[in-house]
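Engineer: Sequence:
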Amino acid sequence: MYNSPMPTDGKPAPQGVSLGQEVTVFGKPVERHSNERIRQLLKSFGLRTSLIRLKVIDALLSAAQNDHPLGVRGVHNHLLELDIPLSFLSVREVLKRLCSEGVIVLKPDKSYSLHPQAAAVLQRLD
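Using this note's numbering, the letters of the sequence shown map in sequence onto residues 395 to 520.
Hint data in this document are derived by calculation from the structure and do not stem from the laboratory.
Idealized CB from N, CA, C, for every residue including glycine.
Be careful, since some hints might not be right.
In silico DSBU-like pairs for lysine-lysine, Cα to Cα no more than 30 Å straight-line [as the list claims (entries may be wrong)]:
| # | residue 1 | residue 2 |
| --- | --- | --- |
| 1 | 437 | 449 |
| 2 | 490 | 449 |
| 3 | 504 | 449 |
| 4 | 504 | 490 |
| 5 | 437 | 490 |
| 6 | 437 | 504 |
| 7 | 501 | 437 |
| 8 | 501 | 449 |
| 9 | 501 | 490 |
If you anchor each label on the Cβ, the simulated ranges turn out as follows [unchecked claim]:
| # | residue 1 | residue 2 | range |
| --- | --- | --- | --- |
| 10 | 510 | 479 | 29 to 35 Å |
| 11 | 502 | 479 | 27 to 33 Å |
| 12 | 475 | 496 | 24 to 30 Å |
| 13 | 477 | 502 | 31 to 37 Å |
| 14 | 465 | 495 | 25 to 31 Å |
Produce the entire structure from the sequences given, and follow the hints as far as they go.
Structural biologist: As structure tokens, then:
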């Protein structure tokens, strides 16, 4: 079925969101650049991008910036605070998979952090 364009009253039709503009969702700025970096990181390790992987890695990066180590429960709670309803088991399985692929490491205190090689990839992407 054909959808005719809406009339524009002589103004050019918007062509999408410009990357130079700040996009807001529910009054909060969306960090598009951060997700793109994480997408490239996953791609460099040969992994597909998924919402849960993006969110888990983003939680670990946020925790590292605040010098606050996160374990499985901490990552799960962080995601729940962001209204991302994922089960504890799903978060644990994603963390295990990211560990097995070398993206993150499990420290002796049972907290997770980026593997030094993954951190180097992110540095190159900046």
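Engineer: Please go over all the hints and tell whether each is borne out by the structure.
Structural biologist: We went through each hint and held it up to the structure:
Our distance criterion of 30 Å between C-alpha atoms is met by residue 437 and residue 449, whose separation comes to about 15 Å. For the hint linking residue 490 to residue 449, the alpha-carbon distance of about 15 Å falls within 30 Å, and the restraint holds. Proximity of residue 504 to residue 449 is assessed by CA-CA distance (about 19 Å); at most 30 Å being required, the pair is judged to hold. For the hint pairing residue 504 with residue 490, the CA-to-CA distance comes to about 12 Å; that is within 30 Å, so the pair holds.
With a C-alpha separation of about 18 Å, the suggested pair residue 437 and residue 490 falls inside the 30 Å cut-off, and the hint holds. With a C-alpha separation of about 26 Å, the suggested pair residue 437 and residue 504 falls inside the 30 Å cut-off, and the hint holds. A distance of roughly 24 Å separates the Cα atoms of residue 501 and residue 437; the hinted pair therefore holds under the 30 Å criterion. Only pairs whose Cα atoms come within 30 Å are accepted, and residue 501 paired with residue 449 is accepted, the gap being roughly 20 Å.
Note on residue 501 and residue 490: the hinted pairing holds, with a Cα-Cα distance of about 13 Å set against a maximum of 30 Å. With their beta carbons about 32 Å apart, residue 510 and residue 479 fall inside the hinted range of 29 to 35 Å. The hinted range of 27 to 33 Å is satisfied by residue 502 and residue 479, whose Cβ atoms lie roughly 31 Å apart. Restraint check, residue 475 to residue 496: a C-beta distance of roughly 28 Å satisfies the suggested window 24 to 30 Å.
For the pair residue 477 and residue 502, the beta carbons lie near 32 Å from each other, so the given range of 31 to 37 Å is met. Between residue 465 and residue 495, the C-beta spacing of about 19 Å breaks the proposed range 25 to 31 Å.
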